[in-house]
Amino acid sequence: MSNSSFNSIIHAPNRLQICALLAPAEALEFIVIKNHLEVSDSVLSKHIKVLEDAGIVKVEKKIRNGRNHTWVSLSTEGKKAFEEHVNKLKEIVGLK
Amino acid sequence: MNNQEQDITHENAKSALKMIENSQKDSITSFRPTLSVMLIAAALFGVMTTSASYSSGNSLWSFITIVSTVLFICVMTYRYVSLRLDGKKLKLTPNGMKGGLFVSIELLILTVVAIGSMELYKSGEEWVPIVGGLINATIVMISLYYFPTSDFSKITEGE
Chain A
18 MSNSSFNSII HAPNRLQICA LLAPAEALEF IVIKNHLEVS DSVLSKHIKV LEDAGIVKVE
78 KKIRNGRNHT WVSLSTEGKK AFEEHVNKLK EIVGLK
Chain B
8 MNNQEQDITH ENAKSALKMI ENSQKDSITS FRPTLSVMLI AAALFGVMTT SASYSSGNSL
68 WSFITIVSTV LFICVMTYRY VSLRLDGKKL KLTPNGMKGG LFVSIELLIL TVVAIGSMEL
128 YKSGEEWVPI VGGLINATIV MISLYYFPTS DFSKITEGE
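The listed protein sequences derive, respectively, from chains A and B.
With the numbering used here applied, the first sequence covers 18 to 113.
With the numbering used here applied, the second sequence covers 8 to 166.
Simulated from the structure, these hints should not be mistaken for lab results.
A few of these clues could be false.
[Unchecked claim] Pairs of lysine-lysine residues, derived as DSSO-like cross-links and limited to a Cα-Cα distance of at most 27 Å, are as follows:
hint : chain 1 : residue 1 : chain 2 : residue 2
1    : B       : Lys32     : A       : Lys51
2    : A       : Lys97     : A       : Lys66
3    : A       : Lys66     : A       : Lys78
4    : A       : Lys97     : B       : Lys32
5    : A       : Lys78     : A       : Lys97
6    : A       : Lys107    : B       : Lys98
7    : A       : Lys51     : B       : Lys129
8    : B       : Lys98     : A       : Lys96
9    : B       : Lys129    : A       : Lys75
10   : B       : Lys98     : A       : Lys51
Bear in mind the structure is a predicted one, so any value in this text is a computation, not a measurement.
Take these sequences, add in the hints, and give me the full structure.
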């Protein structure tokens, strides 16, 4: 059985980078992702909402020292979908 | 194959893979501890290995083993907490089968070196624990530098 499938939600450049940043981590704060992508809060929120609605990422809001902290992590399904998407890209390139 | 999939050209896929690789590299590098933390952690692990080998029947070396173990745990906890305060949560368990296998092999090598040093010291080779300590310190240093997330995805700078 092939473990590669193209995911059009993940493939958008910013969303692809979000998933790639999250893959090696347990979770990253919204601000960390924002600094890496160099996009505005609203643009990043929009992408994260799309990924969250698709069940690819989980969003957790926490309050620390009176400040809101938004943690983003890949869900189990998200990890699988991202891995399959990468495999598909490798297949297209001829690496698999 | 759906329509969008058909639209993905070889070049497009290649640039997407490059983008993924760069983002993952950046993410993994951001988990790398500072040089001082890496040196302290490696030195403490080396001292742990050496002192554990010398500790048989010697309370001073046993004491050094306990102190270095406690300090090593403190350094690793400090690393975890400081990353968290920077908005990065480190994975405590490795990623998938490949990551699990990598960590298992690493732990096996560290254990074999530590037990080997102990046994060879007992058989009269007094210099072995020092070499064992140096080997384990080097392994910890390499691991923290190249594999800070305990995943088998080595970062090569300047590529």
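Here is how each hint holds up against the structure:
Among the hinted pairs, Lys32 of chain B with Lys51 of chain A is consistent with the structure: their alpha-carbon atoms are about 16 Å apart, no more than 27 Å. Under the criterion of a C-alpha separation no larger than 27 Å, the hint pairing Lys97 of chain A with Lys66 of chain A is consistent with the structure, at around 19 Å. Between the alpha carbons of Lys66 of chain A and Lys78 of chain A the distance comes to roughly 14 Å, so the proposed pair stays at or under 27 Å and holds. Under the criterion of a C-alpha separation no larger than 27 Å, the hint pairing Lys97 of chain A with Lys32 of chain B is consistent with the structure, at around 20 Å.
Between Lys78 of chain A and Lys97 of chain A the CA atoms are separated by roughly 24 Å; this keeps the pair inside 27 Å, and the hint holds. Restraint check: the Cα-Cα separation between Lys107 of chain A and Lys98 of chain B comes to about 26 Å, which is no more than 27 Å; the hinted pair holds. With a CA separation close to 56 Å, the supplied pair Lys51 of chain A and Lys129 of chain B exceeds the 27 Å bound. Using a Cα cut-off of 27 Å, the hinted pair Lys98 of chain B and Lys96 of chain A holds, with the two alpha carbons roughly 14 Å apart.
Between Lys129 of chain B and Lys75 of chain A, the direct Cα distance comes to roughly 53 Å. Violation of the 27 Å bound is thereby established for this hinted pair. As the CA atoms of Lys98 of chain B and Lys51 of chain A are separated by approximately 21 Å, the hinted pair is consistent with the 27 Å bound.
Violated hints, in rising order: 7, 9; the structure is consistent with all others.
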